[in-house]
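Note that this note's numbering has the sequence shown beginning at 1, numbered continuously upward.
For the record, the hints were derived by calculation from the structure and aren't laboratory data.
Predicted, not measured: the structure shown is a model, and the values here were computed from it.
Where a beta carbon is used, it is the ideal one built from N, C-alpha and C, also for glycine.
A few of these clues could be false.
[As the list claims (entries may be wrong)] Straight-line alpha carbon distances no greater than 30 Å define the calculated DSS-like cross-link-like pairs of lysine-lysine that follow: (1) Lys70 x Lys148; (2) Lys10 x Lys70; (3) Lys2 x Lys194.
[As the list claims (entries may be wrong)] Ranges of calculated distance between the beta carbons of each label pair, as one might list FRET restraints: (4) Leu143 x Glu212: 53 to 59 Å; (5) Glu204 x Ala4: 48 to 54 Å; (6) Gly25 x Ala100: 32 to 38 Å; (7) Met160 x Glu58: 30 to 36 Å; (8) Pro149 x Pro108: 42 to 48 Å; (9) Glu51 x Leu142: 27 to 33 Å; (10) Asn64 x Gly165: 14 to 20 Å; (11) Glu124 x Val150: 42 to 48 Å; (12) Gly16 x Glu51: 30 to 36 Å.
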Amino acid sequence: PKDAAYIVHKLNLRSGSHVVEAGTGSGALTLALAWAVAPEGMVYTYEVRAENFNTAAENLRRANLHPFVKQFQESISDGIHQRGVDAVFLDVRRPWHYLAQVRAALRPGGFFTSLMPTTNQVTELLVSLEASGFADIEVEELLVRRYKPVPDRLRPDDEMVGHTGFLVSARPIVDPEDPKRWLSQERKRYEARKEVEAIIAEEEERRAAEREAGGKKYPRMPLPG
Numbered sequence: 001p002k003d004a005a006y007i008v009h010k011l012n013l014r015s016g017s018h019v020v021e022a023g024t025g026s027g028a029l030t031l032a033l034a035w036a037v038a039p040e041g042m043v044y045t046y047e048v049r050a051e052n053f054n055t056a057a058e059n060l061r062r063a064n065l066h067p068f069v070k071q072f073q074e075s076i077s078d079g080i081h082q083r084g085v086d087a088v089f090l091d092v093r094r095p096w097h098y099l100a101q102v103r104a105a106l107r108p109g110g111f112f113t114s115l116m117p118t119t120n121q122v123t124e125l126l127v128s129l130e131a132s133g134f135a136d137i138e139v140e141e142l143l144v145r146r147y148k149p150v151p152d153r154l155r156p157d158d159e160m161v162g163h164t165g166f167l168v169s170a171r172p173i174v175d176p177e178d179p180k181r182w183l184s185q186e187r188k189r190y191e192a193r194k195e196v197e198a199i200i201a202e203e204e205e206r207r208a209a210e211r212e213a214g215g216k217k218y219p220r221m222p223l224p225g
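I would like the entire structure built from these sequences, with the hints used as guidance.
In structure tokens, the structure reads:
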């Protein structure tokens, strides 16, 4: 629950928005998405498992939000039916496998977010997002720390709502001819450092070869920062 409202925010949803969700589950997030886009918008949600599909359908009916949701009992591996949607959310094990489908479904400048529990998955997705022409890439985690509301003894609760998953968000580049232009400042600095390190390593190899051949003696080159 602590992630749902923030996911709606990251997807930039409002009444009239059209959003695709893959991985319906019990429909908990689907309800939040439907509340956000109603009454003019629509949620298109995909779920493979029949049990989850039926549970979500019942939850949507009980919340009276089913008019704003279209369910599909199928995988998005063969494609997403919709085109020009405002946002896509993936809650699947390997979201990096479906970035081509995400790009095809999103409108120019649309919003993409995925929720995953492990850093291994985040790393795989980051590499694939850059290779697939996505920009404005962000990785976030929400932690909720409640306090005991006692004025003269204010302090944190003994337990907190910690890790539930990592949120990775991005937007597709309309013209990906120069993808490095859209990298974050942190990523640009990292790429620049790698280039410098490669130049230094190449120069060190050349100098080492000269030293072994009895040529000029060079001091060791320090790596940057």
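Against the structure, the hints come out as follows:
Among the hinted pairs, Lys70 with Lys148 is inconsistent with the structure: their alpha-carbon atoms are about 42 Å apart, more than 30 Å. Taking the CA atoms of Lys10 and Lys70, the gap is near 22 Å; set against the 30 Å cutoff, the hint holds. The suggested pairing of Lys2 with Lys194 is violated, with an alpha-carbon distance near 38 Å, which exceeds 30 Å. Between Leu143 and Glu212, the C-beta spacing of about 54 Å keeps the proposed range 53 to 59 Å intact.
Checked against the hint of 48 to 54 Å, the C-beta distance between Glu204 and Ala4 comes to roughly 52 Å, which is consistent with it. Between Gly25 and Ala100 the C-beta distance comes to about 23 Å, which lies outside the given range of 32 to 38 Å. Between Met160 and Glu58 the Cβ separation comes to about 32 Å, which falls inside the hinted range of 30 to 36 Å. Under the hint 42 to 48 Å, the C-beta atoms of Pro149 and Pro108, about 47 Å apart, fit the expected range.
About 28 Å separates the C-beta atoms of Glu51 and Leu142, a value consistent with the hinted range of 27 to 33 Å. Between Asn64 and Gly165 the Cβ separation comes to about 28 Å, which falls outside the hinted range of 14 to 20 Å. Between Glu124 and Val150, the C-beta spacing of about 45 Å keeps the proposed range 42 to 48 Å intact. In this structure, Gly16 and Glu51 meet the distance hint of 30 to 36 Å, their C-beta atoms being roughly 32 Å apart.
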